[in-house]
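A.B. asks: 92 is the number that the UniProt record's numbering gives to position 92 of the sequence shown; each next residue is one higher, with no gaps.
Incorrect hints may appear among the rest.
[Claimed, not checked] The list that follows gives simulated cross-link-like pairs (lysine-lysine, BS3-like), each with its CA atoms no further than 27 Å apart: (1) 18 <-> 96; (2) 62 <-> 50; (3) 18 <-> 68.
Keep in mind the hints are simulated off the structure, nothing from the lab. Just so it is clear, the structure is predicted and the values come from calculations on it, not from any experiment.
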Amino acid sequence: MLQRRLFSSTKAAADYYKITLKRSTIGLSKDVRDATKTLGLFRLHQTSYKPVNSCNAGLILKLKEIVKVELVDHIPTKEELSANKPPRGYTVVGSKI
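Work out the full structure: start from the sequences and follow the hints.
C.D. replies: Rendered as structure tokens:
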């Protein structure tokens, strides 16, 4: 009974998995490489957002050693991602052309 309450409260809190590939798939079996492609991960440190469901949970379980998984409420927009960037560190004053 206690487990059911805990799982239902975490399910309502998060709608998406934020999955980041942390280690390379070089030298791993074909089914592991196919699972990373299914999740939309092709390069190191690439992040993909997938809905919370049993199919995606099974793929993440297969890749648990090489991915980082976080639970998030929504997928950030491009504007939200660009707002998190630090300032450039320089300014363009003019051009000699």
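A.B. asks: Take the hints in turn and mark each one as holding or not.
C.D. replies: Here is how each hint holds up against the structure:
no., hint, result
1, 18 <-> 96, "violated, 45 Å"
2, 62 <-> 50, "holds, 15 Å"
3, 18 <-> 68, "holds, 8 Å"
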